[in-house]
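Participant: Read off the chains here:
There are 2 protein chains.
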Amino acid sequence: MPVIVQKYGGSSVADLEKIRAIAKKVCRCKAAGNDIVVVVSAMGKTTNELIALAKQLTNTPSRRELDMLLTTGERITSALLSIAIHAEGHRAVSLTGSQCGIITNDRHSNARIIEVRPVRVEDELHRGNIVIVAGFQGVSYKKEITTLGRGGTDTTAVALAAALNANQCEIYSDVDGVYSADPKEVSEAKHLPEITYEEMQEMAVAGAKVLNADAVEFAKKSGIAIYARASFHPGKETVIRRDTPTEDHGVRAVVSEKNVAVVGLVGKTVTDCTLNILNAVDETITPIKELRFQCPEEHPTWARGSFVVSTATLPDWDRAKQALRDAGRQELDIEEGLAALSLIGLGINRDTSNVRQAILAMEEIGAPILALSTSRFRISLILRENDLERAQEYLHRKFVAKQNRIPPCVET
Amino acid sequence: MPVIVQKYGGSSVADLEKIRAIAKKVCRCKAAGNDIVVVVSAMGKTTNELIALAKQLTNTPSRRELDMLLTTGERITSALLSIAIHAEGHRAVSLTGSQCGIITNDRHSNARIIEVRPVRVEDELHRGNIVIVAGFQGVSYKKEITTLGRGGTDTTAVALAAALNANQCEIYSDVDGVYSADPKEVSEAKHLPEITYEEMQEMAVAGAKVLNADAVEFAKKSGIAIYARASFHPGKETVIRRDTPTEDHGVRAVVSEKNVAVVGLVGKTVTDCTLNILNAVDETITPIKELRFQCPEEHPTWARGSFVVSTATLPDWDRAKQALRDAGRQELDIEEGLAALSLIGLGINRDTSNVRQAILAMEEIGAPILALSTSRFRISLILRENDLERAQEYLHRKFVAKQNRIPPCVET
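Order-wise, the sequence lines are chains B and S. Note that my numbering gives residue 252 to position 252 of the first sequence, counting from 1, and the numbers run on in steps of one. Note that my numbering gives residue 285 to position 285 of the second sequence, counting from 1, and the numbers run on in steps of one.
Source of the hints: derived by calculation from the structure; they are not laboratory data. A portion of the hints provided could be inaccurate.
Per label pair, the in silico range of CB-to-CB distance [to be verified]: (1) Lys-143/S - Lys-190/B: 46 to 52 Å; (2) Asp-174/S - Leu-370/B: 55 to 61 Å; (3) Gly-89/B - Pro-368/S: 29 to 35 Å; (4) Gly-264/S - Asn-165/B: 57 to 63 Å; (5) Leu-370/S - Gly-89/B: 55 to 61 Å; (6) Arg-91/S - Leu-16/B: 36 to 42 Å; (7) Gln-322/B - His-126/S: 31 to 37 Å; (8) His-126/S - Asp-106/B: 16 to 22 Å; (9) Arg-319/S - Leu-16/B: 43 to 49 Å.
Glycine included, every Cβ here is placed at the ideal spot set by N, Cα and C.
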């Protein structure tokens, strides 16, 4: 029997009415002759409410205790969805991350899955049960409850799909797939029916919320296709799959992220600079987007470095800043109120034409670029937040909307 | 270092302010040189709110899924209390029932502890941590999450205290111990500084809310003293401990319980009568207070039986009634709106004087006794609920308040 893994995010299970609707949807899929594993997030804003409770007790709640606290959110949803499916007359069983065999390292609040042993899931499917999994969580080899960080429920779903060798993995949310830019922000944004794993990963790193990069990695390794769909509005979808090796896509999407900060620092040596900061970063789990160090010629005994942080995704940016200051003992220059604007596409950096065009475009609209970086499939510009809106609209028009006329990777 | 197990009920941890106050209290106790294990209930009405969510999905939520759902309540409290203790500058770690090694049978929603292996708790104490335990829950040998039924957090606390060979077990709630009757209902109720395990167990069975009978059983077996105290008003307390074998106590307390029903039934044989009903009882986890069957002489082929149910403690009395009707296939006569009024005391049934006095007392106030039963330390009368108030006041005055003048077990 085909195995389908479905993931429903917090807004799709925000209240009992939505949970009932999801139950009906899942039962229809089961009745159509599939084995179904459903991975759920916490209901609506539950996670934020639980964090707020903890923060009222202390500004620096322990990461282990936060994991104990937050994992209850997904467990509540999984039990309620299972009960709702029973009410529809189907068999279902809810399982925790631990019961699903999701084994992680012990890095609380941002654990990585090191192994998935879905024996129990397979047994329950074999018994004819719909399996409802509390997402976002695992168990460490020390038997501690861990969470998988932002977007962790996606990771649970795709990792389980890979371990179960599922036929497909469906990610349901309030949007019907991936767009060439955020449709709320860019009027000409186009729906993308298909993108590659790599493009999705770069988009996630650049700030797109649809699916996180770790999750896509599991699909990439196992070759499972991911379908991103809207929970309650069937129709369009985006399939995320392996690329066809021969073609370049040009710029597929423009992705933006607000609340970005650039941390600049100066130390006596590169080691001095990096090690202290990396320790602080590690302690406050600051996910660094870009990190670079250099030892400029004019100051041979001083190293200068900088990195880019996405402050909104940090559990506590104020605490992280303090830890960086405490750890650094060197000059620290933190510039906040910035934004990152990224162009994504297979092969867009095969030559420098896209980078050059992007720089020219910012000049045309008078938006200063504070930093720039590229990776294989991405060009990211750090801008002032108040330049973001028009820069985004302009880049999208220049690179994506007009793509059919002038393919950017040919143009120079 | 002395080991102290403390239990805090739902009203003691109902909000963050109370959790902070408990954290301070626990830290003082730790600073005084004790190893502390704290067992907590869900905050305030959380459990009822979660049940209400499930009931909106179906009238008959699966017991396994309810356990998955409800255990999150205690986990939230345990993580928050641990975070609050960190904020006080002490070390603490929260543990689930499973992590504490509380192994149960697989009877969901009313599991019994079959073994406690508190290895992890001991390790954490050894590391200098205050250990915060999510009460009311365990893990079955099938690795399923189970709950221990009404009062289950008490059971967690006392079972852990016994397994840890703790010096004492302290049960904190909103009352400062055990009284000779409910002070809210009986004006002359007296505080009892000391009672025996057996008396406490009989009181619990008869409807007293202070501490459940299963919990006391663990203390009785291990000989650990239980201190029942008020969380926020230190002062009086009741010690529950082994009896001094030589003395009779006479009537120590009058305990009442409302929402009682008597289920009478007639079947072809005693086996017919009992087995079907016991199956139905089992399925709906109806905790039976009294069960008796007889095969009356005038109907040699018909068995007649009855049992007493406390309807308020059932998850769903309507469902239980239906299951009894479906299972029975014999005549069923359910009388509701009743109350149980019990006299408790070591040795009160050594002769029949107390029973006789109780019957006479009800005659004096014109309250008909619908059923009567006795056990070693208890005399229970089933009355109409609207006779309960004055019957309770009258029995308390006759047996407890005047005890110093005329010890009832001497009087005839």
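Participant: Confirm or reject each hint.
Facilitator: Outcome of the hint check:
1. Lys-143/S - Lys-190/B: 46 to 52 Å: Given a distance of about 48 Å, which is inside 46 to 52 Å, the answer is holds.
2. Asp-174/S - Leu-370/B: 55 to 61 Å: 59 Å, holds
3. Gly-89/B - Pro-368/S: 29 to 35 Å: 47 Å, violated
4. Gly-264/S - Asn-165/B: 57 to 63 Å: 58 Å, holds
5. Leu-370/S - Gly-89/B: 55 to 61 Å: 42 Å, violated
6. Arg-91/S - Leu-16/B: 36 to 42 Å: About 40 Å separates the Cβ atoms of Arg-91/S and Leu-16/B, which means 36 to 42 Å holds.
7. Gln-322/B - His-126/S: 31 to 37 Å: 33 Å, holds
8. His-126/S - Asp-106/B: 16 to 22 Å: 19 Å, holds
9. Arg-319/S - Leu-16/B: 43 to 49 Å: This hint is violated: roughly 20 Å between Cβ atoms.
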